[in-house]
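> Chains as they are written, first to last, in our numbering: chain A, 1 to 309; chain B, 1 to 309; chain C, 1 to 309; chain D, 1 to 309.
Since the hints were derived computationally from the structure, they do not count as laboratory data.
Incorrect hints may have been included.
You can't tell identical chains apart in this list, so a pair holds if it fits in one copy or across any two.
List time: in silico DSS-like cross-link candidates among lysine-lysine, alpha-carbon distance up to 27 Å [as the list claims (entries may be wrong)]:
#, residue 1, residue 2
1, Lys280, Lys299
2, Lys76, Lys280
3, Lys92, Lys187
4, Lys171, Lys81
5, Lys164, Lys213
6, Lys81, Lys187
7, Lys213, Lys76
8, Lys76, Lys171
9, Lys171, Lys92
10, Lys280, Lys187
11, Lys299, Lys171
12, Lys187, Lys76
13, Lys213, Lys171
14, Lys171, Lys187
15, Lys92, Lys280
16, Lys299, Lys76
There are 4 protein chains.
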Amino acid sequence: MAMTGVLRPGHISLRVLDLEEGINFYKNTLGLVETGRDGQGRVYFKAWDEREHNSVLIREAESAGVDFFAFKVADKATLDKLDADLQAFGLKTERIPAGEMLETGERVRFEVPSGHLIELYAEKTDIGNGQSYVNPDPWIPDAEHGIAPTRMDHCLLYGPDIEKVQEIFEKVLGFYLVEHVVMEDGKTDLAIWLSCSTKAHDIAFVRHPEPGKLHHISFKLDSWEKVLRAADIMSMNRISIDIGPTRHGITRGTTIYAFDPSGNRFETFCGGYDTYPDYKAVTWTWDEVGAGIFYHDRKLNERFLSVVS
Amino acid sequence: MAMTGVLRPGHISLRVLDLEEGINFYKNTLGLVETGRDGQGRVYFKAWDEREHNSVLIREAESAGVDFFAFKVADKATLDKLDADLQAFGLKTERIPAGEMLETGERVRFEVPSGHLIELYAEKTDIGNGQSYVNPDPWIPDAEHGIAPTRMDHCLLYGPDIEKVQEIFEKVLGFYLVEHVVMEDGKTDLAIWLSCSTKAHDIAFVRHPEPGKLHHISFKLDSWEKVLRAADIMSMNRISIDIGPTRHGITRGTTIYAFDPSGNRFETFCGGYDTYPDYKAVTWTWDEVGAGIFYHDRKLNERFLSVVS
Amino acid sequence: MAMTGVLRPGHISLRVLDLEEGINFYKNTLGLVETGRDGQGRVYFKAWDEREHNSVLIREAESAGVDFFAFKVADKATLDKLDADLQAFGLKTERIPAGEMLETGERVRFEVPSGHLIELYAEKTDIGNGQSYVNPDPWIPDAEHGIAPTRMDHCLLYGPDIEKVQEIFEKVLGFYLVEHVVMEDGKTDLAIWLSCSTKAHDIAFVRHPEPGKLHHISFKLDSWEKVLRAADIMSMNRISIDIGPTRHGITRGTTIYAFDPSGNRFETFCGGYDTYPDYKAVTWTWDEVGAGIFYHDRKLNERFLSVVS
Amino acid sequence: MAMTGVLRPGHISLRVLDLEEGINFYKNTLGLVETGRDGQGRVYFKAWDEREHNSVLIREAESAGVDFFAFKVADKATLDKLDADLQAFGLKTERIPAGEMLETGERVRFEVPSGHLIELYAEKTDIGNGQSYVNPDPWIPDAEHGIAPTRMDHCLLYGPDIEKVQEIFEKVLGFYLVEHVVMEDGKTDLAIWLSCSTKAHDIAFVRHPEPGKLHHISFKLDSWEKVLRAADIMSMNRISIDIGPTRHGITRGTTIYAFDPSGNRFETFCGGYDTYPDYKAVTWTWDEVGAGIFYHDRKLNERFLSVVS
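Could you build the full structure based on these sequences and the hints that come with them?
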């Protein structure tokens, strides 16, 4: 009751072109905490204020992009039920054994029609946020090492058939639509923002012919001033900024889009309103999509719809 | 799935000593939007960014305090189920017919052992936040009229037998414990913060001999700068500030406590971390309760434990 | 002693293409306070926190741009002395009688080699900032009407022969160089930022073949959050944003450049460090001019060097 | 011209009860940069964004308090002229040779009637702010080590005969009155805030029977969010906070007062309006002095008038 089923985004596995460069970026510029490396050559990170062992994995590969994106579910029983529900819906699921990822329990993996691998899991070791659970301070020095987001928050994925994806997320996984952009025909969705919580988005999709693409992985900051600090740190480290600091019309969040050294777009953002499943979804029409995406400029930059990894 | 059962705090009914003075305060100083008055002499308000018709009711009475505090539930079926569950737990429930409150559906009311009337409801008219659901701006002029919180967020209630209250909120209503303060014996809770969402608190209780008391009703602001603005507006309007601007150790929120003209304490706060039901609760020990409540001063002021309405 | 001679920027006279449109923009979007209109058809404004009667004048004309930019000097004796010093330097000065501008004393006008008319004056009526000089509040409702900068802060002018301009400002008017951008030859200045106070700039010049051009008139905001609010208000009012919110490397200020309805670029900015005449000037080299102007993007947009009014 | 004579506060020498404890506090909690130690056992610090070698000296002594407070003047000629002017006014001055303080030129020292030693100097080594003067970044890692103010900004001194002190600062040193608090008689000043620049205060005095006392030494922060961060760091380090975060009515600055481990009060503040010598001074009456000092609480705490070092 209240918070059940799928709880939150849990981890993403990203491909980088050069592992050492990637480690340096995610650790020192983005300011995640490195928590381990495994036998497959994957390096594990978490944001300082996250409690679970990992939320971002990187591995070296020929091309950048996303391997899979996972959600934490309430418990083992929920995992089993959702696995059954996904199969009942007609999706093929795969069980990945506990331990395949460090400190992470069994995962249920399935591919959605947009071409992305999504995972569910119920168990991951709580290693804390660097504080005791007794009388903690509000923040720690790690909160100022690099950009230092508080959490990995959501991702925006590009691929085809987002109606079917939406149906799976809503009907099987219990998400609800928060905002959407309608195309020129006034009917077909260009983009959908979905939540499993009170956050304005836990995952989002944009219609795109090529399957399995990553538009951006997003990290949360506590304030608009931290957004400025993030932009400063990006410039100091010669990180290529796509756009920002600015505000999204959609979700109202303040934001910067930038690229990791391999070309994976990431977002550091703040804000976004509280939302609930009984809320009417907000619609953005085709002629105002510019203001929806970049509220201040009121127009898309060329890269937004074309550059993905 | 995901967000089910009890969704969020929905409304509070407050007693004020002078209705006109109360209306002026809630409308022009706190900056809520007046949405109606009923035949019982109650005046209805909502925060500008709330969508439902009302979240704060005031009525004139001989003494200040809280009449009842309500939660919105997912739907009518949930309302019926929770009513049955509450009765099965041994609580007496009362059905208050739709329309008894303006634009509000049927309510299930019950008294918890701390002496407070809690309500559940499934329906209240969506009157929007002053914006269209198509291509909205991020905020409107009402967002700068008075203190102008975005929402009524939670309340802190004082009364006896908070163990039993906690049991009801957890076992029947699906809330979970986020933080708690333990008394000198190292075992008994002085205070508990409970969530039905990803917010650090949707309701909280402090052990107190007298039942049915209100410590404060809390309103959310978007930033620490809005907290400063709120303090400025309080001073400009000669509102008596209890403490703040400061930070809570508990929930990490930044905050001001102050009193409405009738002596009801209210809070305007920002922040607080995202939390989930699988998170381990944070414990504050008796010797550090000062830092837990007022992180900067690290000690309680005399009023915190003694002045309630 | 201490603060002597030229004190601060005092007023600018701008040309707009449509007076009513201009009045609406400067009053309701930028949020200046209208303080008068004169027989020449000029409309007078001040920022809410300024004390003198006016700081911005607009008049209708065939083309946008700046008529003149003025500085307040310490007193009448200073005005006379600076007039004499300017003439001794070889500049022709003109005395414009008191009252030619509303509530403004006699002005000394001269043209600098960049083709701009600069004025000095010693007297302008103090009409206050809307508060008493006894027990004032820190701000007033006007501080939230439109963007509502606290003051007209400085301007950036484009024209030829900026070496000579710099000599006049330094040797005759007592300004000092705070930062400058050097061209590809490593010697010639592209741009200079000059201060007569502890502010990072009271006036600035960029080398440009066409004389008498305005790059932007700048208005000060109290915080980075007010910069966000300004960008939101610009979007709400369909004001064309040139760039921002972002940060300047030069002066470190956070900023937005946008255009008034007539095409005059204006800036709303916050910050910039305290500076003093004994400070060594900061140099920006040609290869890093992008980071100097727009610190986050690290490159100039095409409009910065080409679009002036 | 423009900025002449006395430019800015340059250094303060403070007495601490335990040198190691003092070094740890000023370096790691307040976050100044240690720049040297001399043969007299004095330890030198500067704020990260200051350019001169030192602005705060501490030495071990039996009692806390201030030894002397100094201002930087424009140049050597100014130093000589002001020395002569001070003597002409009837004050005894002392020349302290260059090198008596590390990297600091000759100082002119004199005692004002409030019992404080004031110094003037024209030369101190520029060691920079940790950045090059060519293409600098807006901030450096030191800007986040401890509270990390940008500068030592001003001090508030307690002592008798502040009328005479004001006369010296105004007539000889070129300061001007920005704000003042009038006592119950409506005539006599309780407190005066004086500026030699566009800052709302470069030095301030409160009438007090005991001479030579320090109320607080003040350090500047860039934003209200940095004020919150400072309060957090104080709590983390168990620094005793006197009051704050809050706002001053006088100067409008946002502020925290706290005590170093020896009992010297210090302030970390942000803001304050731009002011000029032609501005009418703001007056605070006796009945509103509470709002003047602590704008939100609108009353003085007991310590403000009684605890000095």
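> All hints, please: hold or fail.
Against the structure, the hints come out as follows:
1. Lys280 to Lys299: Cα proximity of Lys280 and Lys299: one copy only (25 Å, versus 42 Å across).
2. Lys76 to Lys280: between (32 Å within a copy, 17 Å between copies)
3. Lys92 to Lys187: neither (30 Å within a copy, 49 Å between copies)
4. Lys171 to Lys81: both (13 Å within a copy, 21 Å between copies)
5. Lys164 to Lys213: Only inside one copy: Lys164 and Lys213 sit 16 Å apart there, 50 Å across copies, limit 27 Å.
6. Lys81 to Lys187: neither (34 Å within a copy, 37 Å between copies)
7. Lys213 to Lys76: Classified as neither: same-chain Cα gap 30 Å, cross-chain 40 Å, threshold 27 Å.
8. Lys76 to Lys171: Classified as both: same-chain Cα gap 20 Å, cross-chain 19 Å, threshold 27 Å.
9. Lys171 to Lys92: Intra 16 Å, inter 35 Å, cutoff 27 Å: intra-copy only.
10. Lys280 to Lys187: Intra 17 Å, inter 44 Å, cutoff 27 Å: intra-copy only.
11. Lys299 to Lys171: Neither: 33 Å inside a chain and 47 Å across chains, both beyond 27 Å.
12. Lys187 to Lys76: neither (39 Å within a copy, 30 Å between copies)
13. Lys213 to Lys171: This pair counts as within: shortest intra-copy Cα distance 23 Å, inter-copy 42 Å.
14. Lys171 to Lys187: So Lys171 and Lys187 pass the 27 Å test inside one copy only (21 Å; across, 43 Å).
15. Lys92 to Lys280: Classified as neither; 32 Å inside a copy, 34 Å across copies.
16. Lys299 to Lys76: neither (45 Å within a copy, 42 Å between copies)
Hint compliance for this structure: hints 3, 6, 7, 11, 12, 15 and 16 are broken, all remaining hints hold.
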